[in-house]
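Novice: Sequence:
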Amino acid sequence: MTGLLIFLDILFIAVFIFNLYWQAQIIIPAKYKISCVFWTIFFAMWVWTGPINSWPYIIMVASFLTITLMQGTGGIGTKRLVTNGFFATVVNYQKIAHVTLIPVQVLHTQPQVISIFTMVSRQNIQMTFNRSVDELKKDLRKVIPQNIEIEISQL
60 MTGLLIFLDI LFIAVFIFNL YWQAQIIIPA KYKISCVFWT IFFAMWVWTG PINSWPYIIM
120 VASFLTITLM QGTGGIGTKR LVTNGFFATV VNYQKIAHVT LIPVQVLHTQ PQVISIFTMV
180 SRQNIQMTFN RSVDELKKDL RKVIPQNIEI EISQL
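Residue numbers for the sequence shown follow our numbering, beginning at 60 and rising by one.
No lab work stands behind these hints: they were computed from the structure.
Note that this is a predicted model, so its numbers are computed, not measured.
Each residue gets a CB set at the ideal place from its N, CA and C atoms; glycine is no exception.
One or more hints might be untrue.
As the list claims (entries may be wrong) - Taking lysine to aspartate or glutamate and the DMTMM-like style, the derived pairs with C-alpha atoms no more than 25 Å apart in a straight line are:
| # | residue 1 | residue 2 |
| --- | --- | --- |
| 1 | LYS138 | ASP68 |
| 2 | LYS138 | GLU210 |
| 3 | LYS138 | ASP193 |
| 4 | LYS154 | ASP198 |
Stated by the list, open to error - Cβ pair distances, simulated, as ranges:
| # | residue 1 | residue 2 | range |
| --- | --- | --- | --- |
| 5 | GLN185 | ALA73 | 34 to 42 Å |
| 6 | VAL163 | ILE65 | 43 to 51 Å |
| 7 | LEU128 | GLY62 | 21 to 29 Å |
| 8 | VAL150 | GLU210 | 12 to 20 Å |
| 9 | HIS157 | LYS90 | 15 to 23 Å |
| 10 | TRP107 | ILE65 | 14 to 22 Å |
| 11 | ILE93 | ALA121 | 31 to 39 Å |
| 12 | THR108 | LYS154 | 38 to 46 Å |
| 13 | ILE65 | SER212 | 45 to 53 Å |
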């Protein structure tokens with residue numbers, strides 16, 4: 060059992076380093092996905108109900124909970140799109156087929172933009188940014204290929 064825990068420790072620490080590297084590349088951060096906090100609390104209550112009897116187990120739980128918290132961070136990176144959410148990943152800008160920006164104005168708050176990145180494979184990735192649609196479009200043009208259309212839509 061200790062061997063499995065050590066393997067999981069190494070795996071989770073590798074995922075932590077991978078996430079840390081790509082999240083450090085973010086130049087335009089998206090809004091944090093608060094659901095990752097709820098997942099972390101849920102997992103923490105679940106794993107801490109059992110016996111804590113070894114350091115490999117403690118390291119595994121701590122690294123898993125840290126990774127779960129980190130998954131809420133995403134945005135537009137210098138080289139790739141860093142998605143957020145529980146199953147976060149990084150996407151090469153060459154795999155994006157279309158971008159839709161939807162400006163949203165909530166009373167007494169700063170402007171927000173819902174962005175939908177449509178992949179060549181027809182998968183959609185949705186992120187929300189705290190900036191104006193013009194700022195986001197200008198910043199997106201700096202990193203995504205020029206042949207990708209950026210559409211501004213309304214709700």
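Novice: Next step is simple, just say for each hint if it's right about the structure.
Specialist: Now the hints, each set against the structure:
1. Proximity of LYS138 to ASP68 is assessed by CA-CA distance (about 28 Å); at most 25 Å being required, the pair is judged violated.
2. Restraint check for LYS138 and GLU210: the C-alpha separation of about 21 Å stays at or below 25 Å, so the hint holds.
3. With a CA separation close to 21 Å, the supplied pair LYS138 and ASP193 stays within the 25 Å bound.
4. Proposed proximity of LYS154 and ASP198 is supported: the alpha carbons are some 18 Å apart, at most 25 Å.
5. Restraint check, GLN185 to ALA73: a C-beta distance of roughly 28 Å breaks the suggested window 34 to 42 Å.
6. Here the CB-CB span from VAL163 to ILE65 is close to 47 Å, well matched to the stated 43 to 51 Å.
7. Checking the proposed 21 to 29 Å range against LEU128 and GLY62 shows it holds: the Cβ atoms sit about 27 Å from each other.
8. Taking 12 to 20 Å as the suggested C-beta distance range, the pair VAL150 and GLU210 conforms, at roughly 18 Å.
9. Against the hinted window of 15 to 23 Å, the Cβ-Cβ separation of HIS157 and LYS90 comes to about 21 Å, which satisfies the hint.
10. A hinted range of 14 to 22 Å holds for the C-beta pair TRP107 and ILE65, which are about 20 Å apart.
11. Taking 31 to 39 Å as the suggested C-beta distance range, the pair ILE93 and ALA121 does not conform, at roughly 21 Å.
12. Remark: the range hint 38 to 46 Å for THR108 to LYS154 is upheld by a beta-carbon distance near 41 Å.
13. Distance hint check: the CB atoms of ILE65 and SER212 are about 50 Å apart, consistent with the given range 45 to 53 Å.
Of the numbered hints listed earlier, those contradicted by the structure are 1, 5, 11.
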